[in-house]
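A.B. asks: Using the sequences and the hints, build the whole thing.
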Amino acid sequence: MSILISFIPVFLAALFFFGVHFVAWRFWPSPHPRISHLLVLGMLSCVLALLLALQLTTLLSVECLALSGLQFLIVIGYIFFYAGIARSVTVTMLIRFLEQGNHAMDFNEFIREYNESTRFSDRLILMEKLGLITINGPQTILTPRGSFTARWVGRLNLWLGIQLEG
Amino acid sequence: MIRIWFLLLLGGGLILALAVPAILTETTRVQLSLAPQGYWYVRLGILGWYFGGSLVLIEMMSFLSRGYSLRVILDIKRLGGMAEAASLTEMYGDGMGLEGLLRKRLAGLVALGFAPKEGEMIGPLSKSGRMAAKLARGARRILNLGEVG
Chain A
839 MSILISFIPV FLAALFFFGV HFVAWRFWPS PHPRISHLLV LGMLSCVLAL
889 LLALQLTTLL SVECLALSGL QFLIVIGYIF FYAGIARSVT VTMLIRFLEQ
939 GNHAMDFNEF IREYNESTRF SDRLILMEKL GLITINGPQT ILTPRGSFTA
989 RWVGRLNLWL GIQLEG
Chain B
52 MIRIWFLLLL GGGLILALAV PAILTETTRV QLSLAPQGYW YVRLGILGWY
102 FGGSLVLIEM MSFLSRGYSL RVILDIKRLG GMAEAASLTE MYGDGMGLEG
152 LLRKRLAGLV ALGFAPKEGE MIGPLSKSGR MAAKLARGAR RILNLGEVG
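Protein chains in written order, with my numbering: chain A, 839 to 1004; chain B, 52 to 200.
The set of hints was computed from the structure by calculation and includes no laboratory data.
Computed from a predicted structure; not experimentally measured.
Built from N, CA and C at the ideal position, the CB exists for glycine as well.
Be aware that one or more of the hints could be misleading.
To be verified - Over the 12 Å line for every Cβ pair with chain A, so calculated as not near, a few chain B residues:
| # | residue |
| --- | --- |
| 1 | 58 |
| 2 | 61 |
| 3 | 65 |
| 4 | 72 |
| 5 | 77 |
| 6 | 78 |
| 7 | 104 |
Unchecked claim - Per the computed footprint, the stretches of chain A lying under chain B, defined by three or more beta-carbons under 8 Å from a beta-carbon of chain B, are:
| # | stretch |
| --- | --- |
| 8 | 889 to 903 |
| 9 | 960 to 967 |
| 10 | 978 to 991 |
C.D. replies: Below you can see the structure in the form of C-alpha cells.
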C-alpha cells in the first residue's frame, strides 16, 4: 500500500478536529477559553485516527496505534498554541503594541489602560464559573475547590522545583 | 528550571529517535509481523506520542510557573482565604502587583526581540513581533475569542 495512503486517517482526524473546533468556536462563541473542551475534542480525534486506520488501511493494530501518535502530537501542539492565544497577557500586550503601528508607546499608558479595563475582573468571573472562588460584592472568597487547587499547586511546584511567580 | 526540563525532554526525544532503530531491529520487525514500511509508522508514532507527552509536561510546568489565575488563588489563600478585588491587584504575585506582572511580561517580549524598549517607550514592534501579533490577532478574531488575558 502506498505510504501516503496510510496517513489518510491522520489527515481525516485532523480535519475533524480543526473543523469542529472552528465551527463550534465561530458560531457558538464564549468568553470562556474552553481549553478542556478542546482537549476532549482532541482525544476524540486521536481515537478517530486509530479507528479510521484500522478500518481504512491494512496496517496492523500496533501500526495503527503508533499512527494515532501523530494525531496526538498535532492536537497537543495546537492546544499549546491555542492556550497562549486564548489567555495570554503577553499576547494581549503584543496586539496592543501592534495597534500603535510605527509609533512607540509609553508603557505607563498601557498599564493605565489595563488597570482601567475589565480584564482582571473578567478573569475573576471566569474563576468563579470554574468554582475556584466566590465573588460576594467586593469580596472574593476561596471555595473548597480553590483551596484544594492551591494546595496541590504548591505540592507540584515543590516536586518539580518550580516557583509560581505569575 | 523549565529550560532545564525542556532541554532534558528534547534530549530524551533525540536519544529515543536514535535508539528506536536499534530497538526495532529487523529481527523485531519480523517477530511483530510488521511490513517493512510499518516499521517506520511505529518509529514515527513513538516519537509522536513522546513529543506530544513532552509538550503536555512543558505546558503544565509553564502553567505552574506563570499561571495568572493560579497565582490569584495562591494570593487569596495567603490573605486568609478572602480578599477584596482591589487588594488582589495590588498584592498580586506576593506583592508584585499587576504592574509588576505586566513589566515581567514585557521583559519577555523584549528578550524575544519582538518589542524594542527605550526607557518607558515600547515599540514599534520588530518584524517578528508584528508577525506574531498579526497571527495572534487573526486567530483571536477567527475563533471569536473573548478578551481574557
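A.B. asks: Against the structure, test the hints numbered earlier, and report the numbers of the ones violated in rising order.
C.D. replies: Violated hint: only 7; rest satisfied.
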